[in-house]
Amino acid sequence: MSTVTDLTSLTAAQMADGLAAGEFTSVELTQAHLDRIALLNPVLNAFLHVDSEGALATAADVDARRAAGEELPRLAGVPIAVKDIACTQGLPTTAGSRTLEGWIPPYDATIVTRLKEAGLPILGKTNMDEFAMGSSTEHSAYGPTRNPWDLDRIPGGSGGGSSAAVAAFLAPLAIGSDTGGSIRQPAAVTGSVGAKPTYGGVSRYGVIALASSLDQIGPCARTVTDAALLHEVIGGHDPMDSTSIDAPVPPVVEAAANRDLTGLRVGIVKELTGDGYQAGVQARFDESVELLRRAGAEIVEVSCPHFDYAMAAYYLILPSEASSNLARYDAMRYGLRVGPDGVDSPSAEQVMAASRDAGFGDEVKRRIILGTYALSSGYYDAYYGQAQKVRTLIARDFEAAFEQADVLISPTAPTTAFRIGDKLEDPMAMYLNDVATIPANLAGIPGLSLPSGVADEDGLPVGIQILAPATQDQRMYAVGAALEALLAEQWGGSGSVLDRAPDVTTGVTTGASAEDAK
Amino acid sequence: MSALSRDDVAHVAMLARIQLTDDELDRLAGQLDQIVGWVGQINEVAAQDVPPMSHPLPLTNVTRADEVRPSLTPEQALAGAPASAQQRFSVPRILDEE
Amino acid sequence: MSTYTQDVVSYDEALTRYDPVLGLEVHVELNTATKMFCGCAQSFGAEPNSQVCPVCLGLPGALPVVNARAVESAIRIGLALNCEIAQWCRFARKNYFYPDMPKNFQTSQYDEPIAFEGYLDVELDDGSVFRVEIERAHMEEDTGKSTHIGGATGRIHGAEYSLVDFNRAGIPLIEIVTKPITGAGERAPEVARAYVAALRDLLKALDVSEVRMEQGNVRCDANVSLRAKAGDDATAPEQLAVPLGTRTETKNVNSLRSVERAVRYEICRHAAVLDSGESILQETRHWHEDTGVTTSGRPKSDADDYRYFPEPDLVPVAPTRERVEELRATLPEPPAQRRKRLQADWGYSDLEMRDVVNAGALEVIEETVAAGATPAAARKWWMGDLARRANEAGSAVTELGVTPAHIAELDGLIRDGRLNDSMARQVMEGVLAGEGTPTAVADARGLELVQDDGALEAAVDKVIAANPDVADKIRDGKVQAAGALIGQVMKEMRGQADAAKARELILGKLT
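First to last, the sequence lines map onto chains F, Y and P. This note's numbering puts the first sequence at residues 1 to 518. This note's numbering puts the second sequence at residues 1001 to 1098. This note's numbering puts the third sequence at residues 2001 to 2511.
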């Protein structure tokens, strides 16, 4: 069996073109992905739930409509994976938590509705850190997802299921959510592309909230253009989300097609390079900067002094909002209900406390307790209140930086993928993975990560991050697509860093043995 | 910054309605103390006159018209309930604290 | 509830030593078509959990969107209470766990209320006016409703489990909070009742709420504290300078009468506690309508650490000044001012006016006068016969099937001399029985004053001839004896005669 079947190896744009040209059907395309999921998911654990029936039904419907001559949206028939944080009517939605095991939402998230309207077959729901709290997917209640580059390593988090699925060709596209880097950091450590749109650019309605003022939904893909195509499907105003921007989606697909960098000012954020960044990560970053310069971009250095406090601000604001957002998981209306040990007729209060203890994992408990503490009377001003002021200073740093540069760049994550288990008992070390991605969430600006190569020391992929001012998402796609093309030229082959990934099917020969491997 | 004691953690956990076991308290208290100390560095920033930022975008006055939309059916509403009776959510006895 | 017996001192005695201070928090359910943050209908009496959606059930992923009409109502209430309207304000989350609260936080407002710093002038029974200062009015959402199963009589105490209906969850509420009400002295309970009554009238005039207290549209929490009395004048500076005592908050006092009774009871109970040298425990108290006492609820505790923070899922509300002025232009005449104007127009006495107001007949009389009836006739009908019938039927006077237009028409028939009072009452019977308009009933029943003087004169002659003794008495100057003859004339005419005219004829012939 080949490592990647022909159909699954295509980009989403190629799949869309092939479907439009009648080269293959959506049912064939969808089945090819379902076959690969059946083969590899037992090893990768990227999907928590696979909906073969639903995906094939959508595919068949799209094929029939296409055969009938109906004009279809560009991505109609191209399958997609959805992070298990988005509610899907009739399909289990757990957010990676024990507390929601078996819960089936009675409604679709707005983005899921938009995927359905655009005719994308939904392959299933992808694994994630519980309630999106983590940078490794090890905090999933349903076991870690493995990185297709090295099964002993993490695929990033919280959206490790989506990044692994895309990088391992189980899906050409996936939905992610990014609160502090959960789309971009997994993309970086799996050699894929991920974008966090401007806050408010994509509806959050029906996406399980972690931290409301930081969460943003976005595309995961293998190319910048594919990410832009998905961005256009899910983006745009939604009256069900009060924080949704009432304006057209920025022209991201068009921008991704325009590769001209002449005269573009690219700012390197001084605080997001150098110390603390792995040598191979820094080396690939420096090479990309050089490529951009040679392509006509003007490279400037900018300083954002308050970024040094971004992590602290983030780890106060996120837990505070999360402690409130997660209060609803109380075993009264839905979710896991357990009674306390040794209590005969427990009260609602006792059942809530016992259920929340049983339903939440350690990281969720840590953050809920931290957030509860930061909001409690006597501490609010010193913690939550002060963090919100620092957030203003960080946004002002970005404003000043964007006066000097059209886009800002940095490595996406300080290191390549670490080994499963390495940081599990050290929350602080885990948190530092998001040092470069968090400032964008605090300010609400868009960010995109694309592969910049592999690190010499470990052969693992490295990502570069491009940041743009709020509502100017097209800029990061334009620069990302240009850089992607320059790198592809340098690398040769298919032009994808994934060419260099080891064959993940090695040792996985049949569906049966795959089952054994699980 | 301040140290967060094991008792503090147990207390805050109960405010958050999480009944931690002794083992969990042992494990989490130390980590939380470390994290609280670390995030406390936020107070090194002079920000007295800086306005706090609760929302990343300066939107205001987002409302909807007072028009009825379809509700869920009671069956849908109750489908996920751990227990229900008489078309209502059944919950354990509520302590008298309203 | 005998276990709850507690010491109280008499009210008069309490007032000799203490000065009461009140704080009233009134929750008003708005009469919007939909809930505060979602499009679910909010009609009263729907079957359980039939008016719920992901938002008001607090399902994972759901997000709120503010109801524009609720904001408008909040601003109009604020303006009617003479408040400032915020230029910019946010919603906040009030975090606490309770099984009838879907998200385990209530979306409310904290330190940025939509309206603040106002007042309401309240008319007391003796006609004097007491100004109640308003601290704030803010927007929030209601909780679900629990039914307690097992244990005694549906009380929460001793119940085995509870059943929750979330239809009420998310209904828009405006919470109106007074500043400490000082200077009321012994009239504190009356002020409390009069304030809630005035607020209710105002909300009704604004048409922002159904204001049915028995359905929980208006709910009152009463804060009471006592402080040492400094002299006989509750409004004297030296009295106002005395620091406030510890307060208790009596929850859910849901009728005007209960507001007055609960405040009175708490004053007496506080006085007894303070007299015994103990201190008041800051706590919530429950009011028991049946026994007229309050019982201890929950002491102030950690659970009151609500961890408020700005609601990130909702953006700030920033009404423009133009919009505020537009809304100000929609305000109705203040109820007290309107009452004064109508009383002057109608020429009612203070007592008559108070009866009309207390009977809730102001609107219907206004409409009846507008339809052409005299104010006196309108009052006579609505406050007399019809009020008695409504009372007997246990319904509202407006639900009898008689309209202001009917009354005006009937009054016109009387004034035109077509009907006399007793005939008019018969016509009313017909209208009440659904036989049609007054004119139609009069026609159908053949009710009409006989205008033919010849027939009347003949009847008078006949009666005089038949009663020579009475006739003699009248000739002797006992004019009051004419009454007996008038009665017989009316009988002779089968009621269809003008009694005044009959009297005139009788006296003309005999004196």
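It should be emphasised that the hints constitute simulated quantities derived from the structure, not laboratory data. Backbone N, C-alpha and C define an ideal beta-carbon position, used for all residues, glycine too. Wrong hints could be hidden among the right ones.
[As the list claims (entries may be wrong)] From chain P, some residues computed to sit far from chain F (all C-beta separations above 10 Å):
1. Gly2058
2. Ala2062
3. Asn2095
4. Ser2162
5. Pro2180
6. Lys2251
7. Pro2312
8. Glu2352
9. Thr2374
10. Glu2392
11. Gly2430
12. Glu2435
13. Asp2476
14. Lys2501
[Said to hold, decoys possible] With beta-carbon atoms standing in for the labels, derived distance ranges:
15. F:Pro251 to Y:Asp1026: 15 to 25 Å
16. F:Glu301 to P:Glu2117: 30 to 40 Å
17. F:Ala257 to Y:Arg1006: 50 to 60 Å
18. Y:Leu1095 to P:Ser2349: 27 to 37 Å
19. F:Gly493 to Y:Arg1006: 53 to 63 Å
20. P:Asp2111 to Y:Ala1046: 15 to 25 Å
- Hints that the structure is at odds with (numbers, increasing): 1, 2, 3, 4, 7, 15, 16, 18
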